[in-house]
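**Student:** Protein chains in written order, with the numbering used here: chain D, 410 to 756; chain B, 410 to 756; chain S, 410 to 756.
Don't take each hint at face value.
Which copy is meant is left open, because identical chains are indistinguishable; a pair holds if it fits in one copy or across any two.
With a cut-off of at most 30 Å between alpha-carbon atoms, the simulated DSS-like pairs for lysine-lysine come out as follows [as the list claims (entries may be wrong)]:
no.	residue 1	residue 2
1	Lys521	Lys537
2	Lys541	Lys521
3	Lys522	Lys743
4	Lys521	Lys711
5	Lys567	Lys745
6	Lys567	Lys657
7	Lys676	Lys553
8	Lys521	Lys560
9	Lys729	Lys676
10	Lys561	Lys729
11	Lys657	Lys537
12	Lys641	Lys447
13	Lys447	Lys522
14	Lys659	Lys537
15	Lys641	Lys711
16	Lys660	Lys447
17	Lys522	Lys711
18	Lys659	Lys711
19	Lys537	Lys641
20	Lys641	Lys736
21	Lys567	Lys743
22	Lys736	Lys592
23	Lys521	Lys714
24	Lys729	Lys743
25	Lys537	Lys711
26	Lys521	Lys660
27	Lys714	Lys659
Hints in this document: simulated from the structure, not taken from any laboratory.
Listed below are the residues making up each chain.
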Amino acid sequence: MSERGAAGPGPAAIQVSRIMRPDDANFAGNVHGGIILKMIEEAGAIISTRHCNSQAGEPCVAALARVERTDFLSPVCIGEVANVSAEITYTSRHSVEVQVNVMSENILTGAKKVTNKATLWYVPLSLKNVNKVVEVPPIQYARKEQEEEGKKRYEEQKLDRLETKQRNGDVIFPIINPDRQTKEPHTVGYSQSSLIHLVGPSDCTLLGFVHGGVTMKLMDEVAGIVAARHCKTNIVTASVDAINFHEKIKKGSVITISGRMTFTSNKSMEIEVFVDADPFVDEARERYRAVSAFFTYVSLSKEGKPLPVPQLLTETEDEKRRFEEGKGRYLQTKAKRQAQLQQAALQ
Amino acid sequence: MSERGAAGPGPAAIQVSRIMRPDDANFAGNVHGGIILKMIEEAGAIISTRHCNSQAGEPCVAALARVERTDFLSPVCIGEVANVSAEITYTSRHSVEVQVNVMSENILTGAKKVTNKATLWYVPLSLKNVNKVVEVPPIQYARKEQEEEGKKRYEEQKLDRLETKQRNGDVIFPIINPDRQTKEPHTVGYSQSSLIHLVGPSDCTLLGFVHGGVTMKLMDEVAGIVAARHCKTNIVTASVDAINFHEKIKKGSVITISGRMTFTSNKSMEIEVFVDADPFVDEARERYRAVSAFFTYVSLSKEGKPLPVPQLLTETEDEKRRFEEGKGRYLQTKAKRQAQLQQAALQ
Amino acid sequence: MSERGAAGPGPAAIQVSRIMRPDDANFAGNVHGGIILKMIEEAGAIISTRHCNSQAGEPCVAALARVERTDFLSPVCIGEVANVSAEITYTSRHSVEVQVNVMSENILTGAKKVTNKATLWYVPLSLKNVNKVVEVPPIQYARKEQEEEGKKRYEEQKLDRLETKQRNGDVIFPIINPDRQTKEPHTVGYSQSSLIHLVGPSDCTLLGFVHGGVTMKLMDEVAGIVAARHCKTNIVTASVDAINFHEKIKKGSVITISGRMTFTSNKSMEIEVFVDADPFVDEARERYRAVSAFFTYVSLSKEGKPLPVPQLLTETEDEKRRFEEGKGRYLQTKAKRQAQLQQAALQ
Numbered sequence: 410m411s412e413r414g415a416a417g418p419g420p421a422a423i424q425v426s427r428i429m430r431p432d433d434a435n436f437a438g439n440v441h442g443g444i445i446l447k448m449i450e451e452a453g454a455i456i457s458t459r460h461c462n463s464q465a466g467e468p469c470v471a472a473l474a475r476v477e478r479t480d481f482l483s484p485v486c487i488g489e490v491a492n493v494s495a496e497i498t499y500t501s502r503h504s505v506e507v508q509v510n511v512m513s514e515n516i517l518t519g520a521k522k523v524t525n526k527a528t529l530w531y532v533p534l535s536l537k538n539v540n541k542v543v544e545v546p547p548i549q550y551a552r553k554e555q556e557e558e559g560k561k562r563y564e565e566q567k568l569d570r571l572e573t574k575q576r577n578g579d580v581i582f583p584i585i586n587p588d589r590q591t592k593e594p595h596t597v598g599y600s601q602s603s604l605i606h607l608v609g610p611s612d613c614t615l616l617g618f619v620h621g622g623v624t625m626k627l628m629d630e631v632a633g634i635v636a637a638r639h640c641k642t643n644i645v646t647a648s649v650d651a652i653n654f655h656e657k658i659k660k661g662s663v664i665t666i667s668g669r670m671t672f673t674s675n676k677s678m679e680i681e682v683f684v685d686a687d688p689f690v691d692e693a694r695e696r697y698r699a700v701s702a703f704f705t706y707v708s709l710s711k712e713g714k715p716l717p718v719p720q721l722l723t724e725t726e727d728e729k730r731r732f733e734e735g736k737g738r739y740l741q742t743k744a745k746r747q748a749q750l751q752q753a754a755l756q
Numbered sequence: 410m411s412e413r414g415a416a417g418p419g420p421a422a423i424q425v426s427r428i429m430r431p432d433d434a435n436f437a438g439n440v441h442g443g444i445i446l447k448m449i450e451e452a453g454a455i456i457s458t459r460h461c462n463s464q465a466g467e468p469c470v471a472a473l474a475r476v477e478r479t480d481f482l483s484p485v486c487i488g489e490v491a492n493v494s495a496e497i498t499y500t501s502r503h504s505v506e507v508q509v510n511v512m513s514e515n516i517l518t519g520a521k522k523v524t525n526k527a528t529l530w531y532v533p534l535s536l537k538n539v540n541k542v543v544e545v546p547p548i549q550y551a552r553k554e555q556e557e558e559g560k561k562r563y564e565e566q567k568l569d570r571l572e573t574k575q576r577n578g579d580v581i582f583p584i585i586n587p588d589r590q591t592k593e594p595h596t597v598g599y600s601q602s603s604l605i606h607l608v609g610p611s612d613c614t615l616l617g618f619v620h621g622g623v624t625m626k627l628m629d630e631v632a633g634i635v636a637a638r639h640c641k642t643n644i645v646t647a648s649v650d651a652i653n654f655h656e657k658i659k660k661g662s663v664i665t666i667s668g669r670m671t672f673t674s675n676k677s678m679e680i681e682v683f684v685d686a687d688p689f690v691d692e693a694r695e696r697y698r699a700v701s702a703f704f705t706y707v708s709l710s711k712e713g714k715p716l717p718v719p720q721l722l723t724e725t726e727d728e729k730r731r732f733e734e735g736k737g738r739y740l741q742t743k744a745k746r747q748a749q750l751q752q753a754a755l756q
Numbered sequence: 410m411s412e413r414g415a416a417g418p419g420p421a422a423i424q425v426s427r428i429m430r431p432d433d434a435n436f437a438g439n440v441h442g443g444i445i446l447k448m449i450e451e452a453g454a455i456i457s458t459r460h461c462n463s464q465a466g467e468p469c470v471a472a473l474a475r476v477e478r479t480d481f482l483s484p485v486c487i488g489e490v491a492n493v494s495a496e497i498t499y500t501s502r503h504s505v506e507v508q509v510n511v512m513s514e515n516i517l518t519g520a521k522k523v524t525n526k527a528t529l530w531y532v533p534l535s536l537k538n539v540n541k542v543v544e545v546p547p548i549q550y551a552r553k554e555q556e557e558e559g560k561k562r563y564e565e566q567k568l569d570r571l572e573t574k575q576r577n578g579d580v581i582f583p584i585i586n587p588d589r590q591t592k593e594p595h596t597v598g599y600s601q602s603s604l605i606h607l608v609g610p611s612d613c614t615l616l617g618f619v620h621g622g623v624t625m626k627l628m629d630e631v632a633g634i635v636a637a638r639h640c641k642t643n644i645v646t647a648s649v650d651a652i653n654f655h656e657k658i659k660k661g662s663v664i665t666i667s668g669r670m671t672f673t674s675n676k677s678m679e680i681e682v683f684v685d686a687d688p689f690v691d692e693a694r695e696r697y698r699a700v701s702a703f704f705t706y707v708s709l710s711k712e713g714k715p716l717p718v719p720q721l722l723t724e725t726e727d728e729k730r731r732f733e734e735g736k737g738r739y740l741q742t743k744a745k746r747q748a749q750l751q752q753a754a755l756q
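Same shape as in the complex, but just chain D:
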């Protein structure tokens, strides 16, 4: 099923399917990327928690540590079925890599499309002591190279997690929805937005911490508002940069999810999203930055064709710097994709 699929006594793949409902979609009938991210994470959490408890040892719950960059290859519509399948492709001593594939299926026409391929990293936390990471049982690989390739991916993501942890610490104040009357359209200030959510019981795992998928769904929601404010058209999620979950968020916290546009190309917008948690009944803890990530959105015509995006107007030095950084990420992704296409053409 997967080219890098692990064989042998490794845990069986799991599948989650669901019909997309009106509440899962925007006014144009396109399912929010965040709904897909939430389903992906639920499948990942099930398979990795199951695996980490598969040998006698301390009971544990797998917590999402990181999602690799993922592209949304085609939009999903209300009434279609999203089929999410997950399997474990690598294990280190303390982490599990899960590969997830999403297919959308129009059950009326039978048409199927690949929607997403995502890679998630989970870390098993002890059920008795949430600060203790327990050991992960190793999986068996069909071929030696699978293990080596997995190890390479593991090292790469570890490095990136360390880096963003430092960057993440920088920003300390949330973005407040501005009084947009006083702002010029297409400036950063004009479209920046926030959502605030009180974490309830159904948002949380057995450990009483927010599911990664719940956070990602809210992040996509705020990014979508920023993008729609900027373009005034039907917008959809095109991709999400790697997301690192540095800090857990406890039940009863208030979370502020803020988004601001950082970069626009001709046909895409990059939005930076921050999640700040305020465990406000718990006196010992200050408000803290829990997650941050970059979402890329595109604007679609009624026929589903990409539309040109108005250029972002940068005003301050910080905005100009972030724009250049965003341009760097954009060009890098573009170059990587072209290299992949060339490689594919050569084979």
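Since chain D is already given, all that's left is putting chains B and S on it; use the hints.
**Tutor:** Only chains B and S this time, still in chain D's reference frame:
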């Protein structure tokens, strides 16, 4: 996977898995039977809609017509994963039989238990004309007997549907939440209850009618309230009698779901549940009975052991008649189960 | 941002935004007033809980005690963003006044409209002992008069709360969905309606009691059903009278929300709504009246213009008396509004 599994060009089985959340369970942490019924129905709706559209023809949506009697073999808890798998086991010209199996899995211990086996019947309705039933593509059977056995099941359920349609017409008034101060504990009037719900877009299929699973979830909820009012203990769904869906319920309707206790044995309670729909903005249509069914509940101690149930006090002639009818169903089910056990012992 | 805004070390304003979804609206695409009330209350609960925990002291959760009369100034549609901002404007020893403003924003056109201004009163309850009201840290006022005006508002609402507590005790039986076949259209009995809901974990605060916003959403839902049954047209919430929350409602209770029409003017309907809670597993506690309020609805044409409303037919003495009382409230509100307009014209 299934003994009666169909082979050949028939559509593949599908699987739906989900972690059980606090909102899915009662105060003792036991997942409501209605949540399981809703998951079962969603899997059935996906697989049968997919099958009915698998050949060129009129686009259609499969609507739930009937659920066969099903037993809840073991309770499911918050944090466990419910794995629901569905496959098509028989097709007639205008209906599809779906067999669904539910396994609960404690992903911390790896323990798995069979929770349910259910059989559902769907009828495909044209997407353009909701009153037209379209033709079902036939499935292929691995063995000739599978088709014959399926046909027998088809004929049996058809008969039963006709019968209950007549019985169903009898009752016309809803059951009201009583002023319990004036009622003796353990009478029928003391525990009878209703829920009233406004049908929203997310409760509905593409055709704009309520999903059968949404109705069953509410039916189980009211039956649980009746049982808890009677016993004042932790109660769980033990089984549901065959449910026939005679009439569709349209988006925007107000539905009243009413339950009254009909019979108690030493360790179980039978509750009759009615669903009445009121398409109140549509002046041409009167309130009507959409569904009715019998739910059986048991009372559990803190350790999960069955507790004795206080005997139901019947007052009116109707209550006494219904008690005797309930006793008849109880003894019939008991006899059938013993016959199955004996047959199993002989094999 | 607000004229009465508090300055100094008082807690910063907060903002909650959300895109309106299909499930938030009626069949004409107008968002239910109850959805807006629920968002308002969530913002109020967050800011007041945060403030009450801002100084060393007993951890607590702010519980909604009262919402002042609020007008719905313009309808909100699916796809629009509702921006709710809240700030604390007064504190007494044991209560917090929160001022909330709601703006709807069409993110496609950029058009913004003020939708609501609401004033809410919260009381902080100890997390350890729900029956203990803890002390509220005082806020700083920019001008001396702000404190004096706040104190005046505090005294006024306190008086009104006492009064309605007495009136509230009067009514003791719920309103049942009628068998409308036997009722004349436009009578009180023809349109009166109820909803019945089982309180789940996600309806509740950390203390295990229903969020005020959840109750208000259900109250608006039933008032909308009553209004739609009376007019058979597209109806929207125009205003809500002051609502007092006399009694908490515990998780696991069954709540009955009942509405009956009390008065019609040429273009508006007044609906009285009651909330009765039944903590049914708790034998020590009888069913009790938790909340009551008056909602005013208007009927809109397809173009969004107000339509004439069929006059309410009163039959019993009680209905005639309630009609006259409703007329009194209607004339009083009208006079107050005209006085405000005249005052504004003079300035």
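**Student:** If a hint holds in the structure, say so; if it doesn't, say that too.
**Tutor:** Results of checking the hints against the structure:
no. : hint              : verdict
1   : Lys521 <-> Lys537 : between (43 Å within a copy, 22 Å between copies)
2   : Lys541 <-> Lys521 : between (42 Å within a copy, 27 Å between copies)
3   : Lys522 <-> Lys743 : within (23 Å within a copy, 41 Å between copies)
4   : Lys521 <-> Lys711 : both (21 Å within a copy, 24 Å between copies)
5   : Lys567 <-> Lys745 : within (20 Å within a copy, 60 Å between copies)
6   : Lys567 <-> Lys657 : within (18 Å within a copy, 42 Å between copies)
7   : Lys676 <-> Lys553 : neither (42 Å within a copy, 54 Å between copies)
8   : Lys521 <-> Lys560 : neither (33 Å within a copy, 32 Å between copies)
9   : Lys729 <-> Lys676 : within (19 Å within a copy, 52 Å between copies)
10  : Lys561 <-> Lys729 : neither (35 Å within a copy, 50 Å between copies)
11  : Lys657 <-> Lys537 : both (16 Å within a copy, 24 Å between copies)
12  : Lys641 <-> Lys447 : both (26 Å within a copy, 27 Å between copies)
13  : Lys447 <-> Lys522 : both (19 Å within a copy, 27 Å between copies)
14  : Lys659 <-> Lys537 : both (16 Å within a copy, 18 Å between copies)
15  : Lys641 <-> Lys711 : both (13 Å within a copy, 25 Å between copies)
16  : Lys660 <-> Lys447 : both (18 Å within a copy, 20 Å between copies)
17  : Lys522 <-> Lys711 : both (20 Å within a copy, 26 Å between copies)
18  : Lys659 <-> Lys711 : between (41 Å within a copy, 22 Å between copies)
19  : Lys537 <-> Lys641 : between (49 Å within a copy, 26 Å between copies)
20  : Lys641 <-> Lys736 : within (23 Å within a copy, 45 Å between copies)
21  : Lys567 <-> Lys743 : within (23 Å within a copy, 60 Å between copies)
22  : Lys736 <-> Lys592 : within (24 Å within a copy, 39 Å between copies)
23  : Lys521 <-> Lys714 : both (19 Å within a copy, 28 Å between copies)
24  : Lys729 <-> Lys743 : within (21 Å within a copy, 54 Å between copies)
25  : Lys537 <-> Lys711 : between (52 Å within a copy, 22 Å between copies)
26  : Lys521 <-> Lys660 : between (38 Å within a copy, 28 Å between copies)
27  : Lys714 <-> Lys659 : between (41 Å within a copy, 27 Å between copies)
Hints 7, 8 and 10 from the list above are not met by this structure, while the remaining hints are.
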